[in-house]
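**Q** Read off the chains here:
2 protein chains.
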Amino acid sequence: MNRDIHPERAEPNPQTSQRSDTGFAPRISIEQVEEGHVLAPKFDRDGLIACVTTDMQTGEVLMLGYMNAEALRMTIETGEAHYWSRSRRTLWRKGATSGLIQRIEELRIDDDQDAVWLRVSIAGTKASCHVGYRSCFYRRVPIGQARKDGDALIYTEAEKTFDPKQVYGDAPNPTIL
Amino acid sequence: MNRDIHPERAEPNPQTSQRSDTGFAPRISIEQVEEGHVLAPKFDRDGLIACVTTDMQTGEVLMLGYMNAEALRMTIETGEAHYWSRSRRTLWRKGATSGLIQRIEELRIDDDQDAVWLRVSIAGTKASCHVGYRSCFYRRVPIGQARKDGDALIYTEAEKTFDPKQVYGDAPNPTIL
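Residue numbers (numbering that gives the first Met the number 0), protein chains in the order written: chain A, 0 to 176; chain B, 0 to 176.
Isolated chain A (complex conformation) (with noise of 0.2 Å):
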C-alpha cells in the first residue's frame, strides 16, 4: 500500500482552508490573528464589525458604519463600499439611492481584526452624510480649557454639499433616538 501522502491527502491547512459561518477564516490563536497573513475578523454578538471609512485624498473622516459578513465580503469582491444598515436591517450599497459610492482604493484590518477601516474616493460632491454634509463628523466638541468659552457644538463645514430632501425624497430617516 502506498503511503506517500498525496497533496490532495495531505492535512489542510486550518488557517486558510477550513471557513467559520462568516465564510473567513476560524480565528485560532492571538498570534495568527494579530501576527498572521489570514484575514479572520471578529463579528459582535450582533454579527457586525465596525468599519472607520477615510477620504482617499484628505484622509478626513468620513463616517463610522457596520458590516456584517456579507456586506465585508461584498466590499472585499466588488471593490465598492456595502454596509449593514442598523436602522433599516439591510445589506446597504453605499451610494445605491444618492449615488455616492465609495470606492475602495485600500481596505485595512486592524490588529485583533475586530475593525475595518477604508479608505476611499468619491465622485460628485465626495459627500458620504445623509444629514448633506461631506463628513459624518461635521461638528466639533470644545475640550479642555476651551470649554470656558461655552460646550456648545462647533460647525466644521460651513454648509451642505447637496440637499437630502431632494436626494432621499421622504426616505425615512436613519437617526436613531
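No distinction is drawn between identical chains; accordingly, a pair holds when it is met within one copy or between any pair of copies.
Only pairs whose alpha carbons sit at most 30 Å apart, straight line, appear in this in silico DSBU-like list of lysine-lysine:
| hint | residue 1 | residue 2 |
| --- | --- | --- |
| 1 | Lys125 | Lys164 |
| 2 | Lys125 | Lys159 |
| 3 | Lys164 | Lys41 |
| 4 | Lys159 | Lys147 |
To be clear, the hints were calculated from the coordinates, so they are not data collected in a lab.
Guided by the hints, dock chain B onto chain A, whose structure is given.
**A** This is chain B only, laid out in the frame that chain A set:
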C-alpha cells in the same frame, strides 16, 4: 398676584439644563441631535460609544476604541484620550502603562451622535498599537482584481516601533478570540 415670569421660574431649556443618566444632555428629537449645538451622545446597550482615533499630523487611523460616559467625560475635561477597555472591563487612560499618551487636538461627534472622532498627538514613538506598531491597522486586505494574486494580508508597516514585552511585561493580551 404677580404673573410675570421671573427668570428663575422660567421653564428650563431641556436641551441644555437637563441631564440624562449618562450625565450628558437627553436626546429629544432628530433635529436636535443632527442639527443642534448640544452634545447628546448615544451610548449602546453596553453603555459604550465607538471612537476612531487619527494622528493629527499624518491623518492615519491609529485605532478604533470604545468609550463609556465616564471615559468621554474624562477625555473632554482633561484633553487626554480615555477609553473603556472591553477586555479588562475598566476605564483606560491611554498611555498609562506605555507612556504613549494621546493629547486631544480636536474631538468631533457624528451626525446621529453615536460615534466620536479624536484627532491626537502622541509623544515619542507616536505608536498606539499594543502589538508594537504605530497604527493598529498595519495590514491591508487585497480587494477586487488584486485578489487574483492571493488573498493574504499585506503588512503596511515594515517593523514595530517598540517591543511590547518590554513595555507591557506580563500584562494579559487584550485580544479576544
